[in-house]
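**Q** Now for the letters of each chain:
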Amino acid sequence: MFRLLSRPLRLPAFLGPAPRPDDPQIFRFNGERGPIIADVVRRVVQHYAGQPQKLLYVLNEAANAEVRRLASQDDMEASDALGAWRRLVKRLGKMSEEERVQELRRICGDMTEDIAGNFDPRVYALATKIVPGVLTGIMRPVALPQVMLGGFRQLDELVTVEGPIEKLRRLARVGTLVLTPTHSSNLDSVALGFALMRENLPPVVYGAGKNLFSNPLISFFMHNLGAYRVDRRLRFELYKEILKEYSTVLLESGYHSLFFPGGTRCRSNVIEPSLKLGLLGTAVTAYGNAVATGGAHKPIYVVPATINYRLVLEAETLIEDYLAETGKSRYIITDDEFSRIGRIVEFLRKILAHEGAVVIRFGRPLDPLGHDVDDDGRSLDRQGRPIDLRGFFTGADGSHRVDEQRDAEYTRLLGRRLVAAFPRESVFHATTVVARAVFDELCAQVGTRDIYQLTRLPPGREVAVPDVVRRLGALRAALAARPEAGRLHHRVVAAGDSATLDDGLRALGGYHSHPVLTRAGDHLRIGDVKLLYYYQNRLAHLPVEKS
Amino acid sequence: MSANRGDTVGIVGAGSFGTALAVALARAGRPVVLYTRTAAVAAAIASTRRCPRLPDVEVPTAVRVVTEPAALAASARFLVIAVTSTDVGPRLTELGAVVDGGHLIVHAVGALAAPDDVRVSELIERSTPVLRAGVLAGPALPPDLVSGRFASMVVASAFDEVLVEARRLLNLPPALRLYGSHDVVGVELASALAGAFTVALGLADGAAVGVGARAVLITRAVAESARLLEAAGGKARTFAGLAGLGNLLVRAGTEDDPDYALGRALARGEAIGTRTSEGARAALTALRLAERRRVRMPLLLGLGAVLAGKISVTEAARLAADTVAAEE
Chain L
7 MFRLLSRPLR LPAFLGPAPR PDDPQIFRFN GERGPIIADV VRRVVQHYAG
57 QPQKLLYVLN EAANAEVRRL ASQDDMEASD ALGAWRRLVK RLGKMSEEER
107 VQELRRICGD MTEDIAGNFD PRVYALATKI VPGVLTGIMR PVALPQVMLG
157 GFRQLDELVT VEGPIEKLRR LARVGTLVLT PTHSSNLDSV ALGFALMREN
207 LPPVVYGAGK NLFSNPLISF FMHNLGAYRV DRRLRFELYK EILKEYSTVL
257 LESGYHSLFF PGGTRCRSNV IEPSLKLGLL GTAVTAYGNA VATGGAHKPI
307 YVVPATINYR LVLEAETLIE DYLAETGKSR YIITDDEFSR IGRIVEFLRK
357 ILAHEGAVVI RFGRPLDPLG HDVDDDGRSL DRQGRPIDLR GFFTGADGSH
407 RVDEQRDAEY TRLLGRRLVA AFPRESVFHA TTVVARAVFD ELCAQVGTRD
457 IYQLTRLPPG REVAVPDVVR RLGALRAALA ARPEAGRLHH RVVAAGDSAT
507 LDDGLRALGG YHSHPVLTRA GDHLRIGDVK LLYYYQNRLA HLPVEKS
Chain P
57 MSANRGDTVG IVGAGSFGTA LAVALARAGR PVVLYTRTAA VAAAIASTRR
107 CPRLPDVEVP TAVRVVTEPA ALAASARFLV IAVTSTDVGP RLTELGAVVD
157 GGHLIVHAVG ALAAPDDVRV SELIERSTPV LRAGVLAGPA LPPDLVSGRF
207 ASMVVASAFD EVLVEARRLL NLPPALRLYG SHDVVGVELA SALAGAFTVA
257 LGLADGAAVG VGARAVLITR AVAESARLLE AAGGKARTFA GLAGLGNLLV
307 RAGTEDDPDY ALGRALARGE AIGTRTSEGA RAALTALRLA ERRRVRMPLL
357 LGLGAVLAGK ISVTEAARLA ADTVAAEE
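Line by line, the protein sequences are chains L and P.
Quick note on the numbering used here: the first sequence kicks off at 7 and runs consecutively.
Quick note on the numbering used here: the second sequence kicks off at 57 and runs consecutively.
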């Protein structure tokens, strides 16, 4: 039953409304789903079909990887599929090339079908019009009358959005947006989805870890709101190729997309210093493919964004995972705070007590090669001159030239621009600056910034309030002097250092299972040094004040 | 008849290297456009087929000389920047207005760019729309290029396409051979440091320190440079290649090499006044880089002090010897 519920559940298609001409492209997704899957399969098969050695390699790698993975599982998935993969391993060497191509086509079809998302405008309407109100009503019964009148003020206060919104609306009309935010929480896509709806920006398709589909309620909404499923357990080349091709086809077809270029949620809470370029590269590939066709095509705009939480739902699990240094081997956390609905409700209930709990800040949109674009969507070079991107994809004879190495290098350039944009567009809450000030003071006392040494300190270590307040002032000055390092939340800007300390303490002392910090007279007692480290890490790029 | 733009090499700068490369390419039947902003130089080449910076060599009529950057950009997709580090900024600014993303640029500037010590490849990205860029360096001296003697250079770029195009358009077998590398940072710094240590070797040779001390100087130059390359994000071993050691060994023995000649003049005790060279500029910029990266470079430090007139050659030699002995 549970397995059935985690499968894609859809409402009957014949009851759904037909999309209108001015609806975003995603409203047409279900009608195009079949052709999109067929196109992905065709491209992947075409990619390998002319390379017999490569074809044999990818099939062999995929089959053996699946046998290893499924043999270690003792569940229905293993009993369904293990035998078929084992038979493939045995038969592969004896198969003709044509049979291998057929096998590749079958595997690609199954995998793409599993990946491909779904978008139901009725579920979208439900999610955007009812869920915010219901959530608000549940968590703030006093706000119910307001909800009845159709106002979502509570959620409005919860999620604030900054950046060039009008420009994004304009670019969304003429091109395809690729949103590339930082990634701290599984609530990111929810918060971002709500923000897009409220700001009258189009909904996006995005890849979500298959583990997130384990909760039937979350699974239902994700399945029907454009999420496609990414099974991170499958690390063989063929699966990655299919995923990238799926994303490329979506972008070429004009579907606004969301990538988390940092990969999975950031365990340490440090602003992503490096990116996974695989999916990001599909923006370059899609643009190059569009140029190759020669006709009119929609431009693609990459939008750096930061999602800045006052408190992070999964902070405890993430920092434990990071400190245990098992982040790489235990890549997929299947039982964190996000999988427990009660914990999410508790989280929302807590953070609703504070204004501006999540700030989503969009940065300047870029073209797929990392250039800034003007208000009309034209690419600009570093001197602000309009440039034609088509030239970047041409060879010596002036015609379009396919070059994967060139495109990979363009993707690296784009990645560098995003990495530079993330700190600049970050917004720091009181929780972050207070954690950083306390952490700096603690480190100065102890004489080390090594977190492993700090975790071995006796519990209940204290720092003096005046020292922390002084450090808050220094942080404020350091950020003011370095706009590229980010900005303070407007409440921190407006408040004095003492008020900011109180504000940060209220949040850090009240949500997590252990208080991170509590006030004890004119001292602050550190209750959880790991979480203190986690929150201050958001400012890790800011140099430590010289004492 | 206009040549195919994709097969044409555009050279920026009618100095000795740029002119020699243009001459060698034209003799091999390659379409070449040479850009100089100095009308007098263009006129001299047009009327006498001699370039003032390389007067002993006849410039073939196949070398088309232009004085407008737009004419260069329209004629050639592949451009070679062959100007000094003090000129490269203004030339790239000019080019930035006329080139587009379809152009490929490699530069042959053997120093970091004035005035703020950036690598020239960074300056290309900053000043022009061109992304597919690279660096050309190595022991191919103008006399070798024009006489057809064997010479080699290395071209480095993050883009394979730049390496392929550079080799397609600039290789002149059996005379000039190009090797490829992806270590742009390493090749740019190696080329600059080779110029700097060429000055140091000119000093040493002028002071007649002997072959043993000369060998020590070269090996320590390799060690110091490798440390700086690595600290700056390049590969340490790149200095042992054509751009670094190859360049140094060839130039530090060529009497008319400006860096080597400057070193020898300093050793003779000549007052150099405002006289300088690419190598001398590279030494000072590399020192600033070393300071920022916290890399100790005692030999380069001594050279910098001599160039700044703070210590004598003798003092520098003594300090360098003491530091090397204490450190290594």
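Some hints here could point you the wrong way.
Below, a sample of chain L positions facing chain P; criterion: calculated Cβ distance under 8 Å [said to hold, decoys possible]:
id, residue
1, Gln59
2, Leu375
3, Asp378
4, Asp387
5, Gln389
6, Ile393
7, Tyr416
8, Leu419
Okay, the calculated beta carbon distance ranges per label pair [as the list claims (entries may be wrong)]:
id, chain 1, residue 1, chain 2, residue 2, range
9, P, Tyr235, L, Pro549, 39 to 49 Å
10, P, Arg182, L, Ala84, 36 to 46 Å
11, L, Arg388, P, Ala118, 32 to 42 Å
12, L, Arg455, P, Thr149, 36 to 46 Å
Facing chain P, a subset of chain L residues (Cβ under 8 Å, in silico) [stated by the list, open to error]:
id, residue
13, Arg388
14, Asp394
15, Leu395
16, Asp409
17, Gln411
18, Arg412
19, Asp503
These aren't lab readings, by the way, just hints derived from the structure by calculation.
For every residue, glycine included, the Cβ atom is placed at its ideal position computed from N, Cα and C.
**Q** Of the numbered hints stated earlier in the document, which are not met by this structure?
**A** Violated hints: 1, 3, 10 and 19; rest satisfied.
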